[in-house]
Every structure is written in C-alpha cells, then in structure tokens.
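Visitor: Just so you know, we're using UniProt numbering here: the sequence shown kicks off at 1 and counts up by one.
Bear in mind the hints are in silico, worked out from the structure with no lab data behind them. Hints are not guaranteed to be accurate.
[Claimed, not checked] Computed beta-carbon distance windows for the label pairs: (1) 22 / 43: 49 to 59 Å; (2) 20 / 136: 22 to 32 Å; (3) 22 / 147: 48 to 58 Å; (4) 24 / 45: 50 to 60 Å.
[What the hints assert, rightly or not] Taking lysine to aspartate or glutamate and the DMTMM-like style, the derived pairs with C-alpha atoms no more than 25 Å apart in a straight line are: (5) 147 / 42; (6) 148 / 131; (7) 148 / 42; (8) 53 / 3; (9) 53 / 152; (10) 136 / 152; (11) 77 / 131; (12) 147 / 131; (13) 53 / 142.
Computed from a predicted structure; not experimentally measured. Don't be surprised by glycine CBs; every beta carbon is placed ideally from N, CA and C.
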Amino acid sequence: MKDLKIWEFELRTESDMDNWIIHYGFTYIPSILMRNSQYFSEADANGGYVVRKMSNKPENEWRNGSPTVSFTHPFNKVYRKDMFGMSIVTGTNFSTYNAGLGLSYIRGYNGLFTAGVMYTQKDALNGQYKDGSVLKENLNFDQLHYKKGGIEFFFSLSLRLDKNPFAEIPEKK
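Given only the sequences and the hints, what does the whole structure look like? Please build it.
Guide: Laid out in structure tokens, this is it:
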C-alpha cells in the first residue's frame, strides 16, 4: 500500500481582527425626541375620577438606562489602538426592549463608546383618555397607559468581556 500524504493549507486574509466584536455594557437613552407621559386618576368632588398629568414628579431617569449587548464591525482591516466602527446595539430595561444602530469609538480593542439612534418604547396616555377626562371608576397606571414606540438618541459604554478587557493587543487564533 502506498503512503498516504496529507496536505494542509491555511487561508489567511489581510485582516488580523474578527469581523464582529461583541461588547457588553450600559446604554442611556435620554428623553430628547420622545417623552414619557405619565398620568393618574384623581378623585373629584362628584364621586368620579379625573385624569391628571404627573407634572410635579420628575421623570425617573434610571428607566432610560439598560444593560446592552453591542455587535461592532470595525472600519479598520488591521488592529489599531484607537479605531472606529459601526455597532448594532440591543438591550432591555426589563419593561421594554431596545434596538439601535450607531457609530462607535473602540479603545484598545476592548473599550467601546457608541452614539446613535435606537428604537425604544415610552409610556403614553391611552387614546380614549385626555388630561382632564372624567371617569366613573379609578384606573391604575396600566389601564391609563400604553407603550408608544419610536426613535430616540442613545449613548452606550461597553467592555469586551469574552477576552481580557484590559489587554492592549487582540489575542491571535
């Protein structure tokens, strides 16, 4: 029997980085384009209830934050200490889900700052009610509101936790 020869080839491209980098972080979605409209029903003198806007209560800014996962495609073909890329960001604040697209600054391959636009949901008054509407019964928050979807700006800080987040050079395969 003849000796069997095995040839192995390794195909390498000009890129020394992964095409997509995954980062885990925190995203803040300020209420710039969309506001949370929060209302409550208040008892009136006639035994009914009136819908009122919560105007004296400041908006809970923590509701605008969420843990996120960012999928970033660097613009560079080779590793550099400071790079830019495009990121797809998704997250939740456990009452709504968010998904967005943004430009990212990648520091040392592991730190990520992203800014862009995101689809999110905010509370809005149900269409059948208006500020000052008179009701026969007291309604809770969920009965008065619905989730209104729309576009909002976001800012995100993330780390690459699947590798050493403090390493300066990406690990070679």
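Visitor: Please write out, lowest number first, the hints stated earlier that are contradicted by the structure.
Guide: When the structure is compared with the hints, numbers 2, 3, 8, 10 and 11 turn out to be violated.
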